[in-house]
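Asker: Based on the sequences and whatever the hints tell you, model everything.
Chain order of the listed sequences is H and P.
When you line the first sequence up against this note's numbering, it's residues 1 to 354, in that order.
When you line the second sequence up against this note's numbering, it's residues 1 to 302, in that order.
It is worth saying that the hints were derived from the structure and are not from the lab.
Bear in mind the structure is a predicted one, so any value in this text is a computation, not a measurement.
Incorrect hints may have been included.
[As the list claims (entries may be wrong)] Now the stretches of chain H that chain P is said to cover, found in silico as 3 or more residues with beta-carbon under 8 angstroms:
(1) 119–133
(2) 139–150
(3) 319–327
Built from N, CA and C at the ideal position, the CB exists for glycine as well.
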Amino acid sequence: MYYRQAGRFRTSYAQDMRLLPVLEDRILLISALVIGFLIIPLFANNYWLSAILIPWLALSLVALGQNILMGYAGQLSLGSAGFMAAGAFACYNIVLRVEWMPFFGAVLLSGVIAAAVGIVFGLPSLRVRGLYLAVATLASQFFIVWVIDKFGWFKNYDTSGIMNAQQIVVFGQPMDTPAKEYMVVLVIVTFLTWLAWNMAKGSVGRKWQAVRDMDVAAETMGISLLRTKLQAFAVSSFYCGVGGALFAFAYLKSVEPVAFDILLSFRILFMVLIGGLGTIIGAYLGSGFILLLPVFLNIFFHAIFPTVDATITSALEQVIFGVMIIMFMIYEPLGMAKIWQNIQDRMRRWPFKV
Amino acid sequence: MDTYEILFFVEVLVGGLLAGVMYSLVALGFVLIYKASSVFNFAQGAMVFFAVLSFVGFMELGLHFWIALPVTIGLMILVGVATERFVLRPLVNQSDDTLLMATIGLAFVLEGAAQLAWGVEVRRLDLGIPDVPLTWLADLTGIFVSALDITAGVVAGVLVAGLAILFSKTKAGLGLRAVADSHAAAQSIGIPLKNVWMMVWATAGIVALVAGMLWGARSGVQFALIWIALKALPVMIIGGFTSVPGVIVAGLIVGASEKLAEVYIGPYFGGGIEGWSPYVLAVIFLIFRPEGLFGERHIRRV
Numbered sequence: 001m002y003y004r005q006a007g008r009f010r011t012s013y014a015q016d017m018r019l020l021p022v023l024e025d026r027i028l029l030i031s032a033l034v035i036g037f038l039i040i041p042l043f044a045n046n047y048w049l050s051a052i053l054i055p056w057l058a059l060s061l062v063a064l065g066q067n068i069l070m071g072y073a074g075q076l077s078l079g080s081a082g083f084m085a086a087g088a089f090a091c092y093n094i095v096l097r098v099e100w101m102p103f104f105g106a107v108l109l110s111g112v113i114a115a116a117v118g119i120v121f122g123l124p125s126l127r128v129r130g131l132y133l134a135v136a137t138l139a140s141q142f143f144i145v146w147v148i149d150k151f152g153w154f155k156n157y158d159t160s161g162i163m164n165a166q167q168i169v170v171f172g173q174p175m176d177t178p179a180k181e182y183m184v185v186l187v188i189v190t191f192l193t194w195l196a197w198n199m200a201k202g203s204v205g206r207k208w209q210a211v212r213d214m215d216v217a218a219e220t221m222g223i224s225l226l227r228t229k230l231q232a233f234a235v236s237s238f239y240c241g242v243g244g245a246l247f248a249f250a251y252l253k254s255v256e257p258v259a260f261d262i263l264l265s266f267r268i269l270f271m272v273l274i275g276g277l278g279t280i281i282g283a284y285l286g287s288g289f290i291l292l293l294p295v296f297l298n299i300f301f302h303a304i305f306p307t308v309d310a311t312i313t314s315a316l317e318q319v320i321f322g323v324m325i326i327m328f329m330i331y332e333p334l335g336m337a338k339i340w341q342n343i344q345d346r347m348r349r350w351p352f353k354v
Numbered sequence: 001m002d003t004y005e006i007l008f009f010v011e012v013l014v015g016g017l018l019a020g021v022m023y024s025l026v027a028l029g030f031v032l033i034y035k036a037s038s039v040f041n042f043a044q045g046a047m048v049f050f051a052v053l054s055f056v057g058f059m060e061l062g063l064h065f066w067i068a069l070p071v072t073i074g075l076m077i078l079v080g081v082a083t084e085r086f087v088l089r090p091l092v093n094q095s096d097d098t099l100l101m102a103t104i105g106l107a108f109v110l111e112g113a114a115q116l117a118w119g120v121e122v123r124r125l126d127l128g129i130p131d132v133p134l135t136w137l138a139d140l141t142g143i144f145v146s147a148l149d150i151t152a153g154v155v156a157g158v159l160v161a162g163l164a165i166l167f168s169k170t171k172a173g174l175g176l177r178a179v180a181d182s183h184a185a186a187q188s189i190g191i192p193l194k195n196v197w198m199m200v201w202a203t204a205g206i207v208a209l210v211a212g213m214l215w216g217a218r219s220g221v222q223f224a225l226i227w228i229a230l231k232a233l234p235v236m237i238i239g240g241f242t243s244v245p246g247v248i249v250a251g252l253i254v255g256a257s258e259k260l261a262e263v264y265i266g267p268y269f270g271g272g273i274e275g276w277s278p279y280v281l282a283v284i285f286l287i288f289r290p291e292g293l294f295g296e297r298h299i300r301r302v
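Answerer: This is the structure:
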C-alpha cells in the first residue's frame, strides 16, 4: 500500500535493470542522500560527526569489502583489518612521498595497493575453502601488520609508535573541521557504494554468487575460478584498503599498526553477519549496529548504575554482544537486511498481514 | 656445526616441542567438538579462559584445590549442557558457517561472563608443580625441561589415549562419529543427538580446564589465553580436523617449527616472526596436503 509494485510496468530494459525498481525505494534513497549531503553537515554537532558518523561510513566501506568477499563470493576471510592496514599505510606513504598527488588520488591508489596485496593473499583460495581459507587469511592479518611494524620504511622510520596522519587536503583546502572531513568521506563512500552495487547486480556479482553457491558447477558453466576468486579478493581488499585509509585519516587521525589488530577483523566480520551476508545495505546496517550498540549500552548502564566500574560495563557489553550474535544466528541468520526486507514486504501488503 | 651448536639446536627443539604439547592440549578440545558436530568451536579458547579463571576464582574464595577442581568440572559440564540447550539445539541442521558464527558469539559470552564474575586482573596459579628446569636433567644432558613440562606431556598423552579409546572402542564414541557424519541420519537411527552433544561439549569443557590449568601455571591466568585458540587453528589444519593423534603430532610440529623459525630465520627479519610462522606453515601444508596429516579426505560431489 505504502509501497507498491502492482500496476507499475517496466517498459524498457533500462527500467528493468535499474538498481531500485520500486519508486518508493528511490524516493527513500534520494531523501537519505539529501539528509547525508545537506542536512547532516549543517546541523550535526562535532561529536556526532567525528565519533559516530565518520567511523560509521569508513567501517561500512570495509564491511562492504568483507561482504563482497564473504557474502557474494563465499570466501571466508578473517584478515580484513590487515588489508585496512595495507590501505592506511599506503595512503600515509603516498601523501608523505608524492607531494603532487591529490588526496582522492592517494586514497584510490592506496586501495589499488591493498587490492594487489589482497590478490597475493587470495591465492590460497584457489586450493582451499571454508575454515581452511580462514587460516590462510589469518596469516595475512598477522603477516601484513608484522611487515608494517618491522620495516621502518613504512612508518617513515618513526620509532615512537604514535604517528599522526597528515591533514586531509582537497583542492588546496585543508579539511580541518569534522564537517569537512565528513564530506570527503561521504563522497568517496557514496561513489564506491554505487560502484559496488552495480558490480553486485551485474555479471561480475553473478559470477561471484555462482562460485559461492557451488564452485565446481560454476566452473563447468565456463566461469574461470581463478579469475573470479582473485577478482573478489582484489575488489574486497580495495574496499578494505580505502576504508582503512579513511578510518585512519578521518577518524583515528593516526596511523599505527596496533589499531588494525585481529579484534578489528572480528568486529568487521560481525558487522557483515549481523547486517546480512550478500547485501549492500547490510554492510551499513551492521556497522551502524556494532558501532552504536556499545554507545547505547554505556549510556544505559550509566543511567541505571551511575557509579559502575568501566571494566564491568565492558564485560557486560561483551556478554550482550555475544548473546545478540547467537540470537541473530538462531532467529534471523540473514541479518538486519532481511528484517528491512520483511518491513518492505509488510508495507507492500498493508493493511493485510503477510 | 660443533657440539655446542647441536646442543643449542636440541635445546630450542625441545623447548618448541614442549610448547607444542600445550598447543595440542588446546587443539584437542577443538577436535573433540569438530568430530562430533563438524563445528569449528571458536569458543574453545574462551572456554579455556573461563574454566581456569573460575578454578582460580574458587580457590581464592577459600576452597581447597581438591574441592575447587570438581566444582569447576561441574561448572564446565553445566556450560556444556547450557550450550547444547540454548545454542546448538535451535541450530540443528543449519549450515556449518552459521554454527561457526554462533560459537564466536558464545566465545564473547564466556569471556564477558568470566570477567564479570571474577574480574580482569592477571592471576597466578600454583599447581604445586615447579616450572624451573630440572637440575639433574640439565647436568646430565644440558637440556632444560621443567617438571611442569613433563606433567603437561604426561597429561596430554593420557588425554589423547583416553579420547582415542572413547572414540574408537565405545558405543558412545560410535554415536559421536555417526552424528558428525550427518545430524539427520544419526537421529533417524535413534542416536540421541542432544545427549551426544551435551556429552561432547562437557568433555571439551573439561579438556579446556586441563589445558587452562597448565597454561595458567606457566604464564598466569589472563585474558591472553583466548588467543591460544587462534594458534590451535594451524595445529588442526596440519593434523587434520578429525584426528585425535594428528593433533598431538601437529602440535609438536607447530611448536617446534615456531621456535626453530624464530631462532634460526627470525634474526634475518628482525625477529617476532613467531606471530605468523605457524599460519604460513599451515598454508604450505594446505597446498600440498589439504586434508592434513591424518584427516579424512573429503570428496565433493556436484
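Asker: Need the list of violated hint numbers for this structure, in ascending order.
Answerer: none
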